[in-house]
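There are 6 protein chains.
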Amino acid sequence: MAKDRYQQGIDKIQELTQASDDHPTGFMDIGEGLKDIAPDLSKYVVEFAFGDIYSRPGIDNKQKVLTTITALVAQGKPQIEMHIKTGLSVGLKPEEIVGCIVHLIPYTGFPSVLNALSVAKKVFAEQGVSVKTPEDE
Amino acid sequence: MAKDRYQQGIDKIQELTQASDDHPTGFMDIGEGLKDIAPDLSKYVVEFAFGDIYSRPGIDNKQKVLTTITALVAQGKPQIEMHIKTGLSVGLKPEEIVGCIVHLIPYTGFPSVLNALSVAKKVFAEQGVSVKTPEDE
Amino acid sequence: MAKDRYQQGIDKIQELTQASDDHPTGFMDIGEGLKDIAPDLSKYVVEFAFGDIYSRPGIDNKQKVLTTITALVAQGKPQIEMHIKTGLSVGLKPEEIVGCIVHLIPYTGFPSVLNALSVAKKVFAEQGVSVKTPEDE
Amino acid sequence: MAKDRYQQGIDKIQELTQASDDHPTGFMDIGEGLKDIAPDLSKYVVEFAFGDIYSRPGIDNKQKVLTTITALVAQGKPQIEMHIKTGLSVGLKPEEIVGCIVHLIPYTGFPSVLNALSVAKKVFAEQGVSVKTPEDE
Amino acid sequence: MAKDRYQQGIDKIQELTQASDDHPTGFMDIGEGLKDIAPDLSKYVVEFAFGDIYSRPGIDNKQKVLTTITALVAQGKPQIEMHIKTGLSVGLKPEEIVGCIVHLIPYTGFPSVLNALSVAKKVFAEQGVSVKTPEDE
Amino acid sequence: MAKDRYQQGIDKIQELTQASDDHPTGFMDIGEGLKDIAPDLSKYVVEFAFGDIYSRPGIDNKQKVLTTITALVAQGKPQIEMHIKTGLSVGLKPEEIVGCIVHLIPYTGFPSVLNALSVAKKVFAEQGVSVKTPEDE
Numbered sequence: 090m091a092k093d094r095y096q097q098g099i100d101k102i103q104e105l106t107q108a109s110d111d112h113p114t115g116f117m118d119i120g121e122g123l124k125d126i127a128p129d130l131s132k133y134v135v136e137f138a139f140g141d142i143y144s145r146p147g148i149d150n151k152q153k154v155l156t157t158i159t160a161l162v163a164q165g166k167p168q169i170e171m172h173i174k175t176g177l178s179v180g181l182k183p184e185e186i187v188g189c190i191v192h193l194i195p196y197t198g199f200p201s202v203l204n205a206l207s208v209a210k211k212v213f214a215e216q217g218v219s220v221k222t223p224e225d226e
Numbered sequence: 090m091a092k093d094r095y096q097q098g099i100d101k102i103q104e105l106t107q108a109s110d111d112h113p114t115g116f117m118d119i120g121e122g123l124k125d126i127a128p129d130l131s132k133y134v135v136e137f138a139f140g141d142i143y144s145r146p147g148i149d150n151k152q153k154v155l156t157t158i159t160a161l162v163a164q165g166k167p168q169i170e171m172h173i174k175t176g177l178s179v180g181l182k183p184e185e186i187v188g189c190i191v192h193l194i195p196y197t198g199f200p201s202v203l204n205a206l207s208v209a210k211k212v213f214a215e216q217g218v219s220v221k222t223p224e225d226e
Numbered sequence: 090m091a092k093d094r095y096q097q098g099i100d101k102i103q104e105l106t107q108a109s110d111d112h113p114t115g116f117m118d119i120g121e122g123l124k125d126i127a128p129d130l131s132k133y134v135v136e137f138a139f140g141d142i143y144s145r146p147g148i149d150n151k152q153k154v155l156t157t158i159t160a161l162v163a164q165g166k167p168q169i170e171m172h173i174k175t176g177l178s179v180g181l182k183p184e185e186i187v188g189c190i191v192h193l194i195p196y197t198g199f200p201s202v203l204n205a206l207s208v209a210k211k212v213f214a215e216q217g218v219s220v221k222t223p224e225d226e
Numbered sequence: 090m091a092k093d094r095y096q097q098g099i100d101k102i103q104e105l106t107q108a109s110d111d112h113p114t115g116f117m118d119i120g121e122g123l124k125d126i127a128p129d130l131s132k133y134v135v136e137f138a139f140g141d142i143y144s145r146p147g148i149d150n151k152q153k154v155l156t157t158i159t160a161l162v163a164q165g166k167p168q169i170e171m172h173i174k175t176g177l178s179v180g181l182k183p184e185e186i187v188g189c190i191v192h193l194i195p196y197t198g199f200p201s202v203l204n205a206l207s208v209a210k211k212v213f214a215e216q217g218v219s220v221k222t223p224e225d226e
Numbered sequence: 090m091a092k093d094r095y096q097q098g099i100d101k102i103q104e105l106t107q108a109s110d111d112h113p114t115g116f117m118d119i120g121e122g123l124k125d126i127a128p129d130l131s132k133y134v135v136e137f138a139f140g141d142i143y144s145r146p147g148i149d150n151k152q153k154v155l156t157t158i159t160a161l162v163a164q165g166k167p168q169i170e171m172h173i174k175t176g177l178s179v180g181l182k183p184e185e186i187v188g189c190i191v192h193l194i195p196y197t198g199f200p201s202v203l204n205a206l207s208v209a210k211k212v213f214a215e216q217g218v219s220v221k222t223p224e225d226e
Numbered sequence: 090m091a092k093d094r095y096q097q098g099i100d101k102i103q104e105l106t107q108a109s110d111d112h113p114t115g116f117m118d119i120g121e122g123l124k125d126i127a128p129d130l131s132k133y134v135v136e137f138a139f140g141d142i143y144s145r146p147g148i149d150n151k152q153k154v155l156t157t158i159t160a161l162v163a164q165g166k167p168q169i170e171m172h173i174k175t176g177l178s179v180g181l182k183p184e185e186i187v188g189c190i191v192h193l194i195p196y197t198g199f200p201s202v203l204n205a206l207s208v209a210k211k212v213f214a215e216q217g218v219s220v221k222t223p224e225d226e
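Chains as they are written, first to last, in the numbering used here: chain A, 90 to 226; chain B, 90 to 226; chain C, 90 to 226; chain D, 90 to 226; chain E, 90 to 226; chain F, 90 to 226.
Accuracy of the hints is not assured; some may be wrong.
Treat identical chains as interchangeable: a pair holds within one or across any two.
Claimed, not checked - In silico DSS-like links for lysine-lysine, alpha-carbon gap of 30 Å or less:
no.: 1; residue 1: Lys151; residue 2: Lys211
no.: 2; residue 1: Lys221; residue 2: Lys124
no.: 3; residue 1: Lys174; residue 2: Lys92
no.: 4; residue 1: Lys210; residue 2: Lys221
no.: 5; residue 1: Lys92; residue 2: Lys151
no.: 6; residue 1: Lys221; residue 2: Lys211
no.: 7; residue 1: Lys182; residue 2: Lys124
no.: 8; residue 1: Lys92; residue 2: Lys221
no.: 9; residue 1: Lys182; residue 2: Lys211
no.: 10; residue 1: Lys166; residue 2: Lys151
What the hints contain is simulated information worked out from the structure, not anything from laboratory work.
So that you can see chain A by itself, here it is in the shape it has in the complex (with noise of 0.2 Å):
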């Protein structure tokens, strides 16, 4: 593992949010904001979650951003709101990112997945993408 692992984090986060040069960190919330009573946090989140999790083979970016919007509707943690505009940033179809949503009803039920919705909505609204509706009745 040659690369810094800060460094690695960094152009994982650039790559996922698209981020320009200027603002490498993108939409990605990594702590910066706790900085004045824990300012390691931004470190861990950068060279652990993203230098190290997020740069693991096995699975691909896709997977990877599904993969964290599952875990954040079956907890409902706030944090589902960054985690779906990086999902249409790294190429998921807003279909992809709804039909994973509703897919959890059988395993958390119906209000989580509502709750999520709600969210999910709110982002395509702000990005003006639509959902190609996965059936025609």
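With the hints as your guide, set chains B, C, D, E and F onto chain A.
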């Protein structure tokens, strides 16, 4: 939706488990062992979970099973064993299943991931599959 | 099951919410606001959650809503507000709803219960109902 | 509150479990096996959980036990077995217990429900009770 | 246990919050705002949570509050704000509170920790306390 | 951070478990049994969990282990057994471990606490330690 939902669900389970026509639900537990106390339960599993949700377009079978596995890791449910089998059955590579579980460390913590990987190891051993290692160190 | 499942679900929602024929789903959120991104979602809510599950025999409407409220307290889901309304609508006394929530202290701890009771207080105030106090101290 | 809280708790447990005067806590685990390491624990269970909370007015014993069972299904706790026994003891019909658990599918998903019903099946078999089937199909 | 449990609870809250005799429960929410719908609730909070449990020997106040904060991080409960205040009040250093929350990353994942640290940052700012940084980088 | 993170993690584990130089990870499960399917996993456990997080300043080893135990009680994870051993190893008194677990009753409810105390009892028995009872009743 011209096709009968129950038959649609059975067909989907057969497709997911590569089950024979003699026992079309294969290794999938659809709650038949509970028919004495909840005779309508397996109908809901087949019709709703598999006939409706697993049969939706938008994401493919591999994505559906990875999504299912992720939810079960986040929740710590024992059904993860059955769905890891399903993953292999639909053509997920062992390293994709492992990759998905390891990817969850930043979202669920280490214990959930260690517990899920122990189940994966057991299933892989039973089925004689091995994992191509993600890193040469 | 001669009756159409969708109609069965709509009838059940109307019964639970005492909704008018003009707007038969009343105050129940069936996911209609999400039809642009998941057009089949409200069908699953109506057909499966209400047409199948809420329409099962075995327990009555009051028991069904208390069960729902309990699950939502344990999970901390915001949908508890809608289902407290449903509870009043099906004839649960406010002290039954409060009694159910307070009963959860030994199982979910105080914070979940305090949060749920704050929602109940808001709903009771909006609907002008008051609670007969369970103890004279 | 003239009555001693500990005695109130013991009386409530005896009422819930239909226990004999010789062993008034019946099948209820009040943490006595843990007295070597936490000698005050069973006092809290008896005084607070049963003497205070289970003794509140507002909901009846059947509602209290259904509420308890629901919370334990949502959390996946092994104590569900003991409280299904309590349910039968206070006069809940097996189909009410099953009805409550099955009702949770839209809120907790299938795996939690399947796991809880397996426990119910075991308890019903041990006690020789059978479920009137909710549907003739 | 000669002392009245309610008085014991009030004394403990006053000790934890350094509250004045005029308003001895200080900033601690004991459920008084819910007395219209659950008049016995604040009694349980005071008598059981503070009079019994917080008054146990075995661990000191600092350990009790760190334990409380940890549980609330793991559960994502909003009560964490109040208990971070309590932590400062009983003499925990800001870096101990932050240290405890950051220590949870391997057990709860990053999102829970980021959300909790945002609350801590807000409380620290309100109270004008600053964190000695754990690392010089 | 001049020292190698992996070595730092191993040193920390050895310190926590009082392990011999022959087997420096002692009783700590670092995922070595999973190396066939996830060869990089134990590296993350050692480098990140122990080399980074457990090695942070701000809180001492006793606080770190109590925090870990609390998180595992709240989540119901089986890893609690290993970390109760770690607690004894770093010098936590049995009554501190019990005190921390019992303190969680108002936050997680009784079942989580009873389950965790059963594990503590088993570990204490294996190691021949006894608890000074917190109350003389």
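Now for the hints, and whether the structure bears them out:
no., hint, in the structure
1, Lys151 - Lys211, "both (20 Å within a copy, 27 Å between copies)"
2, Lys221 - Lys124, "between (41 Å within a copy, 11 Å between copies)"
3, Lys174 - Lys92, "within (27 Å within a copy, 36 Å between copies)"
4, Lys210 - Lys221, "within (13 Å within a copy, 39 Å between copies)"
5, Lys92 - Lys151, "within (23 Å within a copy, 32 Å between copies)"
6, Lys221 - Lys211, "within (16 Å within a copy, 39 Å between copies)"
7, Lys182 - Lys124, "between (35 Å within a copy, 17 Å between copies)"
8, Lys92 - Lys221, "between (41 Å within a copy, 23 Å between copies)"
9, Lys182 - Lys211, "within (15 Å within a copy, 34 Å between copies)"
10, Lys166 - Lys151, "both (20 Å within a copy, 25 Å between copies)"
Checked against the numbered hints listed earlier, the structure breaks none of them; every hint is satisfied.
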